[in-house]
Amino acid sequence: MDGNESRRMDRLEAVLRAAHARREAPPVDPAMADSVLAAIKAAPVEEEAASGVLWRMAAGAGFVAAATVLLAMFFGTGLEEEIGRMLFYDPNGQVLVSMLGV
Amino acid sequence: MPAASWSMSGSTLTPARASNRRSVMAETLVDMEDARVLMEIRAGDVDAYARLMTKYQGRVAGIVSGHAPRERVAELTHEVFVRAFRSLSGYRGDSPFGHWLAKVAVRACHDFWRAEYRRRERPESELSEECRAFAAEAAALETSEAAEVTASRREARELLAWAMDRLSPTDRMVVTLTHLEERPVAEAAEMLGISVPNVKVRAFRARKKLRELLGGVIGA
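Top line first, the protein sequences correspond to chains R and U.
Heads up: the first sequence is residues 13 to 114, going by my numbering.
Heads up: the second sequence is residues 1089 to 1308, going by my numbering.
Here chain R stands alone, though its shape is the one from the complex (with noise of 0.2 Å):
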């Protein structure tokens, strides 16, 4: 780009410039403020459904826990080496036993 390329975009850019400061923003709404409030106002009782959820979703998930354990307790004849041989290959559990420090 040679000097008088540069100064055309200069140029440009200083119009574009122009036209950004003298922008118009939208009159101002008289009832933002008291819908603002509403907002405010009403943001509580959001937190409190959402928390609500969690609530429901905590209970779902230690239903699922308990039942788990319930069916290994009355199922679970082995369950435990079907777990270890998920998780690692050990099948003498000597690996468990020293982790366990016994």
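Worth flagging that the hints you see were computed from the coordinates, not collected in a lab.
Please note: incorrect hints may appear among the correct ones.
Unchecked claim - Under the rule of at most 30 Å between Cα atoms (straight-line distance), these lysine-lysine pairs were calculated in the DSS-like manner: (1) U:1191 with U:1143; (2) R:53 with U:1143; (3) U:1297 with U:1191; (4) U:1191 with R:53; (5) U:1191 with U:1288.
Stated by the list, open to error - Stretches of chain R that chain U covers, calculated by requiring three or more beta carbons in the stretch to come under 8 Å of a beta carbon on chain U: (6) 15-25; (7) 40-48; (8) 64-72.
Ideal Cβ positions, reconstructed from N, Cα and C, are used throughout, including at glycine.
Given chain R, work out where chain U should sit, using these hints.
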């Protein structure tokens, strides 16, 4: 008042300095009023926030209109005030409330553009022939008065929007703050919450890209 009586602590108090000092004092008084309203809000009077909104609504809408499309300004201004209220605990009072609110507004606009670009709801429009002709005409202007007159045309806004749409969300914010609004780099960095070197690098690269885009339009 004689000029001699303006002399304070060894330096002459010029009318400009006096005016500046008066505005600082006025701002301090205003800030005390803001502080009082903030104390009421913190004490549980949510409705007191309406006073701050009434006071700063015009300023916030002005900032937002510099970054967002005109048809989204009202919605974003609303968002800024809701967001500011929820972040009030983060306002420590070490700067005027208006400055802090301006930061919230700029960051809300930044988030707005990031979300818009993610959604890709805005197809990249082609530049109209009128805009191309306008760009060539504007680049050939001789005087600054003519540039001022030309800037008020619809094509100027269209060309600017077209070019800005081709920058990344962060780059368009940086270019708007540092190049179009000519704010200092440090101020732009603080408003956007990014480092000064990052703003410097982005401003340089984004402006270069902007000039390349405009150069492509006028055939430079």
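Count residues of the region 40-48 of chain R with a Cβ under 8 Å from any Cβ of chain U, then say if the count reaches three. With 7 residues closer than 8 Å to chain U, the region 40-48 of chain R meets the three-residue bar; holds.
Taking 8 Å as the C-beta cutoff, is the stated coverage of the region 15-25 of chain R by chain U satisfied by three or more residues? holds (count 6)
Is the Cα-Cα distance between residue 1191 (chain U) and residue 1143 (chain U) 30 Å or less? holds, 16 Å
Within 30 Å, alpha carbon to alpha carbon, are residue 53 (chain R) and residue 1143 (chain U)? holds, 20 Å
Taking only the CA atoms, is the gap from residue 1191 (chain U) to residue 1288 (chain U) under or equal to 30 Å? holds, 18 Å
Take the C-alpha atoms of residue 1297 (chain U) and residue 1191 (chain U), compute the straight-line distance between them, and say whether it is at most 30 Å. holds, 26 Å
Given the hinted pair residue 1191 (chain U) and residue 53 (chain R), is their alpha-carbon gap at most 30 Å? Distance of about 24 Å is within 30 Å: holds.
Count the residues of the region 64-72 of chain R with a beta-carbon closer than 8 Å to any beta-carbon of chain U: does the count reach three? violated (count 0)
Violation of the numbered hints given earlier is confined to hint 8; every other hint is satisfied by the structure.
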